[in-house]
Structure formats: C-alpha cells, structure tokens
Amino acid sequence: MTGDLISFILVNFQLFILILVRVTGLFVISPIFGRNNLPTIMKIGLSITVALILLPLKINGFYLEIDNMRTLMFWSISEFLIGIIIGLIAFIYFSIVYLAGTIVDIQMGFGMVNIMDPQTNAQMPLMGGFYNILLTLVFLTINGHHQMIKSLIYSYEILPIGFNISVSESLINYLIKIFTDTFILAFQLSAPILIAIFLANVILGILARTMPQMNIFIVGLPLKIAIGIIIILLSLRFFIPYSESLFDKMFQSIYELMQILSRG
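Read left to right, the sequence shown gives residues 1 to 264 (the UniProt record's numbering).
Hint data in this document are derived by calculation from the structure and do not stem from the laboratory. Only a predicted model underlies this, so the values are computations on that prediction, with no experimental measurement involved. Every residue gets a Cβ at the ideal spot worked out from N, C-alpha and C, and that includes glycine. Don't take every hint at face value.
With a straight-line Cα cutoff of 25 Å, these simulated SDA-like cross-link-like pairs (lysine to any residue) come out [claimed, not checked]: (1) K249 with Q259; (2) K249 with R263; (3) K249 with N173; (4) K150 with I48; (5) K43 with F110; (6) K150 with K224; (7) K150 with I17; (8) K43 with Q147; (9) K43 with F74; (10) K177 with Y242; (11) K224 with F187; (12) K224 with K249; (13) K249 with F16; (14) K150 with S235; (15) K150 with S166; (16) K150 with G34; (17) K224 with A191.
Across the chosen pairs, the derived CB separations fall in these ranges [stated by the list, open to error]: (18) F183 with L207: 32 to 38 Å; (19) I203 with I133: 28 to 34 Å; (20) I41 with L207: 55 to 61 Å; (21) R263 with I203: 50 to 56 Å; (22) V202 with T180: 45 to 51 Å; (23) L46 with I203: 51 to 57 Å; (24) N215 with G45: 56 to 62 Å; (25) H145 with L199: 36 to 42 Å.
Sequences are here, hints too, so could you generate the full structure?
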C-alpha cells in the first residue's frame, strides 16, 4: 500500500509539489492553521495530507507543461502566492479583534498593558487577547477551519494550477474596501464600551466642575475600568452573532477576491 502511494506520488510529482505549495501558503498565514504555537511537524503533516487528498482530484485537469526546475519554481511561487492571499484575507478579518481591543484598552485605561500573543510572537492589547480567544473558539465551533479548506478547494476551480497572478486596479480597490470594512467592524465591536466610557467621562467632568475638591483621576480610573468590564460582560451575548456575521464577510471576501483574480 505504501509502495503504491509512493509510486503514485512519483508519477505525479510535479502536480503534487504545486498542490502542496498552495496548501502550505494557506497554512503559513491563516488564523488557525498558521499559529506559531502549533508544532511545525504538525503543519507539515497536515499540508502533505491535504495535498495527498487533492492530488487524485486534480490529475485530469492538469495540462501544465513543466520541462525544467526553473519553470517548476516559477509556478510554485505563483501557487504559494495564491495560498498566501487566501490566508491573508482571513488573517485581516481576525485582526479586527486586535484593533477593537486596542480601542477598548485605551478607553478603559489599559493602554499601557500588553500581553504576548503566541500566534504572532508580538505584543497585543489585553482585551484584544480576550476577544481573540473568544473569536477562535467560535470559529472552531462553527467548523470555520473546514470552510477554510473548502475555500482552498474552490480556488482550484476558479484559479487552476498554472494560473498567472496579475495585479489589477480592481484588485487594489477591493483590498482597500476590505481594510475599510475591517475598521468599521472593529468600531462596531468596541462601540458599546466607547459610548459607556464617553458617558462616564461626561459625568466625571460634571463632578469635577461641581466638586473641585474631588480627585477625578483617582476616582475616574477605577470607575472606567469597572464600567468597561460590566459593559463587556453584558455585550458578550451579542458576540456570537457578531462573529458569525464577521465570518460570513470573511469567506465572502475570499471568494470575491478569487473571482477578481480570475478576471485579471
């Protein structure tokens, strides 16, 4: 059985390499599969497994002529970029929680508090880490990682092996639209805390004018932290619908971006 599998891979070695490179590109940067705290051997094994599953499905549609190593490297880079693009869009939408967490931390007084994110090995806001954990759990609960693999399979239908990527004006405009949407979604997530802290600042301002002897800084800091935590707890009931809407926009953006790439 193992010998037959090895022989099958060797016969279709070029196709296997190209499929493996696109799968690896997705797994390098995608939010779940690309986490730095996942063992490297696990990522390699998962990439090879997915490539082996896709290999028999793509043999009949493979007509790319590759006669030397330079040509194979050229198409491998192109395949890797396609995988990177799919994973990058997902990573951008997951980064919304980091932006929302930064906004919330600044308003609550946690602006100087950062924690280490094991996914990116970078400092991240405290509430951003909290939202990221919740978003990841929701993503896994609704089988979002399965949808990521489905989007990869769909990419072979609209961007077949040997597709030459070109940067067009429509592609740039759509990327700008995605970044605009991410800022809007981040402010939507942080809006309840922003409104509550703004009202608290108004009340503190009135108290400062009516009772000058009160130390507003000493009173205001713990008050804003308490109000922020209470509003976050109250708004958690809306986090799952928000996450589902976020994931719908994410996968829609992935599919639309692939369609724009296919038009050139």
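Now the hints, each set against the structure:
With a C-alpha separation of about 15 Å, the suggested pair K249 and Q259 falls inside the 25 Å cut-off, and the hint holds. As the CA atoms of K249 and R263 are separated by approximately 21 Å, the hinted pair is consistent with the 25 Å bound. Simply put, K249 and N173 have alpha-carbon atoms about 17 Å apart, close enough for the 25 Å limit, and the pair holds. With a CA separation close to 16 Å, the supplied pair K150 and I48 stays within the 25 Å bound.
Distance check on the hinted pair: K43 and F110 sit about 35 Å apart at the alpha-carbon level, beyond 25 Å; violated. Restraint check: the Cα-Cα separation between K150 and K224 comes to about 44 Å, which exceeds 25 Å; the hinted pair is violated. With a C-alpha separation of about 20 Å, the suggested pairing of K150 with I17 holds against the 25 Å cut-off. At most 25 Å may separate the alpha-carbon atoms for a hinted pair to count; K43 and Q147 meet this at roughly 18 Å.
Distance restraint check for K43 and F74: the Cα-Cα separation of roughly 23 Å lies within the 25 Å cut-off, and the hinted pair is therefore satisfied. A C-alpha spacing of about 19 Å is found between K177 and Y242, which places the hinted pair at or below 25 Å, so the restraint holds. At most 25 Å may separate the alpha-carbon atoms for a hinted pair to count; K224 and F187 meet this at roughly 18 Å. Only pairs whose Cα atoms come within 25 Å are accepted, and K224 paired with K249 is rejected, the gap being roughly 32 Å.
Only pairs whose Cα atoms come within 25 Å are accepted, and K249 paired with F16 is rejected, the gap being roughly 31 Å. The suggested pairing of K150 with S235 is violated, with an alpha-carbon distance near 32 Å, which exceeds 25 Å. For a cut-off of 25 Å, the pair hint linking K150 to S166 stands: about 23 Å separates their Cα positions. For the hint linking K150 to G34, the alpha-carbon distance of about 17 Å falls within 25 Å, and the restraint holds.
For a cut-off of 25 Å, the pair hint linking K224 to A191 stands: about 15 Å separates their Cα positions. Range check, F183 to L207: Cβ separation about 33 Å, and the 32 to 38 Å hint holds. Taking 28 to 34 Å as the suggested C-beta distance range, the pair I203 and I133 conforms, at roughly 32 Å. The given range of 55 to 61 Å is respected by I41 and L207, whose C-beta atoms sit roughly 59 Å from each other.
Taking 50 to 56 Å as the suggested C-beta distance range, the pair R263 and I203 conforms, at roughly 54 Å. At roughly 30 Å, the beta carbons of V202 and T180 sit outside the given window of 45 to 51 Å. At roughly 53 Å, the beta carbons of L46 and I203 sit within the given window of 51 to 57 Å. For the pair N215 and G45, the beta carbons lie near 59 Å from each other, so the given range of 56 to 62 Å is met.
Taken as a hint, the range 36 to 42 Å holds for the pair H145 and L199, whose Cβ atoms sit roughly 40 Å apart.
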